[in-house]
Each structure stands twice: as C-alpha cells, then as structure tokens.
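Protein chains: 2
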Amino acid sequence: MILTVTLNTALDITYRVRSLRPHTSHRVTEVTERPGGKGLNVARVLAALGHEVTVTGFSGGATGRIVQDQLTAVPGLVDALVPATGPTRRTIAVVDELTGDTTQLNEPGPTVTSAEWSAFQEAYEDLVPAVSAVALCGSLPPGVPVGAYAGLVRTAKAAGVPVLLDTSGEALRRGVAARPDIVKPNADELAELTGSHEPLRATQDARRRGARAVVASLGARGLLALTPEGRWHALPPTPVHGNPTGAGDAAVAGLLTGLLDQLPWPDRLTRAVALSAAAVLSPTAGDFDHTTYEKLLAGVSVTAT
Amino acid sequence: MILTVTLNTALDITYRVRSLRPHTSHRVTEVTERPGGKGLNVARVLAALGHEVTVTGFSGGATGRIVQDQLTAVPGLVDALVPATGPTRRTIAVVDELTGDTTQLNEPGPTVTSAEWSAFQEAYEDLVPAVSAVALCGSLPPGVPVGAYAGLVRTAKAAGVPVLLDTSGEALRRGVAARPDIVKPNADELAELTGSHEPLRATQDARRRGARAVVASLGARGLLALTPEGRWHALPPTPVHGNPTGAGDAAVAGLLTGLLDQLPWPDRLTRAVALSAAAVLSPTAGDFDHTTYEKLLAGVSVTAT
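Those sequence lines, one after another, are chains A and E.
My numbering numbers the first residue of the first sequence as 5 and each following residue consecutively.
My numbering numbers the first residue of the second sequence as 5 and each following residue consecutively.
Hints are all accurate, no fakes.
Across the chosen pairs, the derived CB separations fall in these ranges:
hint, chain 1, residue 1, chain 2, residue 2, range
1, A, Gln-108, E, Ser-118, 35 to 41 angstroms
2, E, Arg-216, A, Gly-104, 49 to 55 angstroms
3, A, Thr-28, E, Arg-225, 22 to 28 angstroms
4, E, Ser-118, A, Ala-77, 27 to 33 angstroms
5, A, Thr-28, E, Ala-191, 16 to 22 angstroms
Chain E side only, calculated, beta carbon under 7 angstroms to chain A, not exhaustive:
hint, residue
6, Ser-29
7, His-30
8, Val-35
9, Ala-66
10, Ile-70
11, Gln-108
12, Glu-111
Covered stretches of chain A, going by a simulated chain E footprint (3 or more residues, C-beta under 8 angstroms):
hint, region
13, 27 to 39
14, 98 to 109
Note that these hints are calculated values from the structure, not bench results.
This structure is a prediction, so every number in the text was calculated from the model and none was measured.
C-beta: ideal position from N, C-alpha, C; glycine also.
Modelling step: build the complete structure from the supplied sequences, incorporating the hints.
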C-alpha cells in the first residue's frame, strides 16, 4: 500500500470555449471534471498501474463531496481524506478551441483550522506505519503551517517508511531540510529553491540541503537525478508533444513504483520518463495509455552524467 | 403563492481576480456562489418582499444538490424542482479587480430527456391551480422543445392563473403567440422578436403578436409598458450606476407583486422600476436593500406616452 498526501485537494474542471475574450460572455461547449491536486493525480496513476493506494489530505464542502464520490469509482484506491469545514477548491482550465491555449483560474482552497490540522496529523500518524511508501504532494492550503511537510517527512522517517516530497517555495525549502528520501522539483521549483538556473548545479545544491535523492523534471529535457547510487540523465526515445499537465505527477508515480520494486535507479528513471511521456501524449490531462507506456519503456535512454 | 419556473437553473459563481489575462494562470481572490437562473432570482426577490413563492424547473447532479441546499435557506421559498439526470449548469462570472469588467463562462445545462420533460409538465400542471400567478423565466436547456413556454402559458391560462413570460429568441416568439398576460423583454430581446430597434414600435408589434401587456426593460432608459389600460414610460428618480445583473429579474418580481395586489399599471411600473434600480445599486448582483427600494419608490416618474 502506498500513501499519497494532498493537503490542497481540488476538483479540476476543464471548459472548452471557442475563443476566450475578456469582458465578453462565453458558451462553454464541453465540461469535464475530475479529482485533482498532485497527490490525487499520483494516486490515480498508481491505481492504473495496479497498485493499492490510500489517499489522504483535506476534503470540505460540496466540492469535497464531489471529489470523494469520484474517488470511490477508482479501483484500488482507498479514500482516507480528513474533513475540513472550508470547501475544497475548484480549478478551472479554460481551453481555447482556436489556439489550444489554456487559461487557468484557481480557487485558493479552504482555510484549515488548527484543530483540523491536528486531526490530519493524527490520521497521518495512524496511516504511515501500515504503508510501504509516502508521497507528499502539492501546495499547502491557507492555515496549514509552512513547515507542515517537514513534520510529515519526519513522521515517515521515524516509522522507517520512505518518503517522496513534491512541492514548491518555502514548503519545499523547509521540507528538504527534514531529509526526505526523494524530492522531485521541476526546473522552476529547483531554481526558486537554490537560486540557480543551471540544473546540475541546482540539483547538487538541493541534495546538499538534505534530500537523499533529487530528481529534477526538466520538461522536454527529461529527468536529471542525483542519488546515492550515482547521477543520471533520462530522456524519452523522441521528443513528445502534447499536454504537459500531470506529466510530473506520472513521473512521481513511476519513481514510487520503482522504489517499491527495489529497482536500480536507472530503471526507476526509465519508468518515470516513460510514464511522464505517456501522460503528455494522452488526450486527457494526467491519464496515460498502457500500450504507449510500454512502447516508450523500451526506448528511454538513461545516461550516467 | 406565486410560482416561478426556471427550466435552466444554475449555480452562479463569481470569481474575483486581479486582472484576467488569457493563457495565463490566475489565483482567485474571492469566491461567491448562489442559486441562479432568472426564475430563481425572481423568487429570491419575491421572498425578500415577504411573498410565499414556489420554484420549479429542473435540478440535476451535484450542482443541482448545491442549488437546492442553498434554496432551503431562503425563508418563504418552497422548492418544487424536478430531478434531471444531467447536471445543473454552473455559470462563472470572472470579475477583473483592476477594471471592474466581467468575463462570463456559461455551461450549457443538462440535456433534458423527453421523460423528464413529461414529468416536469405533470408537476407543473399539479402546481398551477394552487397559485395566484406564474412567471416563466429564462432560457430553455437542451432537450426541451422550443415551444415549451407556449404550452406552459396555455396551461396557466386554462387554469385561470395570470402568467408572465420573460425569455428570448424562438422560445419568446412561440410563447408570445400563446397569449401570456405579460411579457418582459429587454431591448435586445424585443428587437430580435420584432426586427425593430425603435422601442415604441417594437413594443406595439410584440403586443400584436399576442401578449396582453408588454413591459420592455430598456436599461438606463427605464421601462416602457403597453397594456390594456394604457401606455407608460417609467424612470427612476436619477440615473443609477452599478451592477445591472438581476435588474430585469427584480423588475419581474415588482410586476408580479403589483399584479397580485391588483394595483393600477402605473403603480406596478413604479414598483418594478424602484426594485430594478435598487438591484443595480446593490453591491451583490440581484440583491437589493429595502431602505434604498423604499426611497426610490417615492421618486419614480411614470408618464403616459
């Protein structure tokens, strides 16, 4: 069983409109919605790969109920979300049919009370000892202390459970210092953490800050990994074009399954890159096609750097 | 008891953002939501004026449940919405904090099945004999026949219950021909119905098409009414500036209460104009302040034309 934590769960809504023009009225031609927030996206990929996965974090209000209703439909996924009084946020991606461009509107999420945060920590402490890995994913909702992930990393380490951290800003800075097993920043998050836009140097800096392994997702430039076993650069067989939303979450799922299967790092990176590329190629953000994934697996290149 | 019909109910969501820029990501700073669709807006004004009001139309899915939950909180309002399989639509108004301008995103609404439409008609036929007036308001959701309002007008008339129609396009064209007691088009709807942009001529044409009384809402130019008692032009004491959303629905509520109180037409128009102006002056779209309304009542001018 893998545990993914999504403190700021979301209902991700996608609207298609012919062309978004500010200060006019638009008829939405297509509406799709699904549970979101990085940890829920990771969990969905893990479940699609046949893993048992428990999700926790906060769920509140009518939007939280919709998220939870949709999660019950995912085979292999166990809902352990903790109630919050404030409503789970909606995110709206408005896709312009003419250009394919997306305009994003993100609600802030519920303000979590200190009692709710304590209740979550207790629930997390109960869940951690029974799982084989933990992934801590995404932004913190208002009210959750900025050092939250550092505490959650320490709880997992105290229980001897490997923990991956995928967040940004000050929450990442504090979380890294608590020495997680893996951090997976993207290029922007890595630059913000380290002040360096040079990926190799920045990845080395991030590792010195406390992460046992750093896997930087560099978009079309693949993954750069610094680990206790060595350092590698992993690339898909050919550049892939499509929707990058959810590609990072698919990579996290690949890293987690590789960790559970005790694969050598190059094989973990192969899985992560293939899943990430398959997600980019999928018409639905964050989904992936199994046949595409398996074809990609055969062609990923991993080079020691 | 007044009955308002909203076939295409909605959850109206308002987002405030600093400045809407297409193809970028936005943090929503404030989220408000409330039941919407013209008939529900009219009902809320009626309830705020102390009238008992029953609402019907369709409600579906998770959004429909949110709408119905919020309606139960309105004193004096009875929920008689009929279930639909498809989800009630959301409308999103994105308010630009820098300019005050609004960008509107409207979901299409559920596709109503013929069985659902039949169930609604039966429910409506059961409700109509017990009420003192009916208001048929807003657009038709997909699947509802374009002659829907014509049939609903005939049912009300057969039961001897006065009926007001506030819709647009072909639904208005067909509905007017069924001889409703009042139609309340705005300037655009009137021009589309009649082909004339000259309000007096267009209002006369609309009346010839079958409406017993036509009350055209002309925005800042007030109300123009052609009735069996005469014709009038009604204006607020001073031009009002604010949010025009819901002003037309407030006018409909004023016309309905004037009809129930058997007021002479000039007094009905006074109420409609004062409510409409109070709605424009309210910071929250579609709400109104009672004191402002009563002050405005004293200053409305109604001129025979």
